[in-house]
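Q: Chains A and B, in that order, give the protein sequences. Numbering-wise (this note's numbering), the first sequence opens with residue 1 and increments by one. Numbering-wise (this note's numbering), the second sequence opens with residue 1 and increments by one.
If you are wondering where the hints come from, they were derived from the structure by calculation, not from laboratory data. Accuracy of the hints is not assured; some may be wrong.
Here are the simulated distance ranges between beta carbons [said to hold, decoys possible]:
1) A/LEU265 to B/ALA43: 25 to 35 angstroms
2) A/GLU181 to B/LYS47: 42 to 52 angstroms
3) B/ALA13 to A/GLU16: 44 to 54 angstroms
4) B/THR38 to A/GLY306: 11 to 21 angstroms
5) B/LEU74 to A/LYS229: 33 to 43 angstroms
6) A/GLU196 to B/ASN33: 23 to 33 angstroms
7) B/ASP7 to A/ASP140: 52 to 62 angstroms
8) B/ASN12 to A/GLU196: 23 to 33 angstroms
9) B/ASP7 to A/GLU16: 46 to 56 angstroms
We treat Cβ as the ideally placed atom computed from N, Cα and C, and that holds for glycine.
If you want the building blocks of each chain, they are given just below.
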Amino acid sequence: MSRQKSATDQITIYYEGTSVRCDPDKSVLDNLLDQNLDVNHCCKNGSCLTCLLKTDSEVDEKSRVPLKATLSELGYFLSCQQIPSDGMVIKSAASDDCFRKAVVTSMIKKSGHVSQVFLKPYGEFLYKPGQFINIKGPKDTVRSYSIASIPSDNVLELHIKEHQYGIVSPWLCADDRIGREIEISGPNGECFYLPENQDQSMLMIGTGTGLAPLLGIVRDSYSQNHRGKIELYFGAVDDPGLYLADQLRVLEKKYDNLTVHFGILKNGPINDTALKNHPDLKEWRVFLCGDPDMVKKTKTKAYLAGAALANIYVDAFEQAEINP
Amino acid sequence: MSENLFDRIGGNAAVDAAVDIFYKKVLSDDSINRFFETTNMDAQREKQKKFLTFAFGGPNDYSGKDMRTAHAGLDGLNEAHFSAVAGHLEATLEELGVPAAEVSEAMAIAASTHDDVLGL
Ligand code: FES
Chain A
1 MSRQKSATDQ ITIYYEGTSV RCDPDKSVLD NLLDQNLDVN HCCKNGSCLT
51 CLLKTDSEVD EKSRVPLKAT LSELGYFLSC QQIPSDGMVI KSAASDDCFR
101 KAVVTSMIKK SGHVSQVFLK PYGEFLYKPG QFINIKGPKD TVRSYSIASI
151 PSDNVLELHI KEHQYGIVSP WLCADDRIGR EIEISGPNGE CFYLPENQDQ
201 SMLMIGTGTG LAPLLGIVRD SYSQNHRGKI ELYFGAVDDP GLYLADQLRV
251 LEKKYDNLTV HFGILKNGPI NDTALKNHPD LKEWRVFLCG DPDMVKKTKT
301 KAYLAGAALA NIYVDAFEQA EINP
Chain B
1 MSENLFDRIG GNAAVDAAVD IFYKKVLSDD SINRFFETTN MDAQREKQKK
51 FLTFAFGGPN DYSGKDMRTA HAGLDGLNEA HFSAVAGHLE ATLEELGVPA
101 AEVSEAMAIA ASTHDDVLGL
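Turn these sequences into a full structure, and let the hints steer you where they fit.
A: Below, the structure written as structure tokens:
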């Protein structure tokens, strides 16, 4: 005796014209993926913004909060943060609404499989150093990268770690990418310098290419006359991973208030060193970028060390699942 | 004593002061902090604030059902964890100099969530 599952505990949404039966307890994204529909995604926790879809139906606040007003206005929402409602009509993100073209102007290969990649977007591109952009790679795969440059550089600088089995990073770092056009969207993200309380001490901890947003933030804070001291901790697994050590030493000479500390894993996690050196973070501004686990743990510890949550800025580099 | 508990304790200002102390106590307690580990600490702190407002007898939109669903996914949550959190609440109130009578009123409200929190 076979009985069909009761119809009442399922709902239907419409994606790009096809109806999709949904599990009401799962996100829109997971429901679409369960049906083998190809939807861009990465972190599934609302931070990377790659899972943008469009709808005219009501959506929950949390699936819009991280978006810019302009995108919300156009009906975009984060499909990983939204549960489906019956009859919802959803469209995929029309690429021309949010993606634009940019040219890869140059590239510098560093140690530890990291490349500094320089881009020039067509037209005006407003951003805050430390924010991130999304890049569309092969097979429409989208990945997020933080901005290490400042606006007066007139070029966007990204630090890309090449992942052996990655989809976007080897493609982007290939030598023949120079001079070619790519598609980018953004900028997004709230991890950047605000020119208030300029005597405030700032603690910055970055692991791996988590250094990129921090470099942008340090340079930005100086261009905006930040006077408080900056303690920058840069950690990597091994020496080659400290790919920008030379440039940081130059920066340290140039800026009086900046102290840079380097750490490799065998000497203990860099975040532990930093918190040991600065046990009292009351009144400090804290920036944490890179490995999500490091960011999460250190955020808690920084808070317990007295930093106010509003003064802690984070950029967690979520890794996309790698499909074998 | 015509004022309600919430006003006697000090209203919103008291909740703001309490949430900082309370959340820090909870996060520093290794027997329970795994339940509070999250990347979104701001949202978590807001939840603690809602809970404290509720315990202080203040205006809130906390229902027993919310309590139930909010805690349902927490694997291995038991009596000991519940008393640990209650203990932190009591210590927080004492640290803030809340009079003993008000402390026990707040503790009684918190205790009323026992079954919902533990899913009994
Ligand atoms: S924001 Fe939805 S997948 Fe990252």
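Q: With reference to the structure, classify each hint as holding or not holding.
A: Going down the list of hints, with the structure as the test:
1. A/LEU265 to B/ALA43: 25 to 35 angstroms: The hinted range 25 to 35 angstroms holds for A/LEU265 and B/ALA43, with Cβ atoms some 31 angstroms apart.
2. A/GLU181 to B/LYS47: 42 to 52 angstroms: holds (46 angstroms)
3. B/ALA13 to A/GLU16: 44 to 54 angstroms: holds (51 angstroms)
4. B/THR38 to A/GLY306: 11 to 21 angstroms: Holds: the Cβ-Cβ distance is about 20 angstroms, inside 11 to 21 angstroms.
5. B/LEU74 to A/LYS229: 33 to 43 angstroms: holds (41 angstroms)
6. A/GLU196 to B/ASN33: 23 to 33 angstroms: Between A/GLU196 and B/ASN33, where Cβ atoms are some 32 angstroms apart, the hint holds.
7. B/ASP7 to A/ASP140: 52 to 62 angstroms: Holds, at about 57 angstroms.
8. B/ASN12 to A/GLU196: 23 to 33 angstroms: holds (25 angstroms)
9. B/ASP7 to A/GLU16: 46 to 56 angstroms: holds (55 angstroms)
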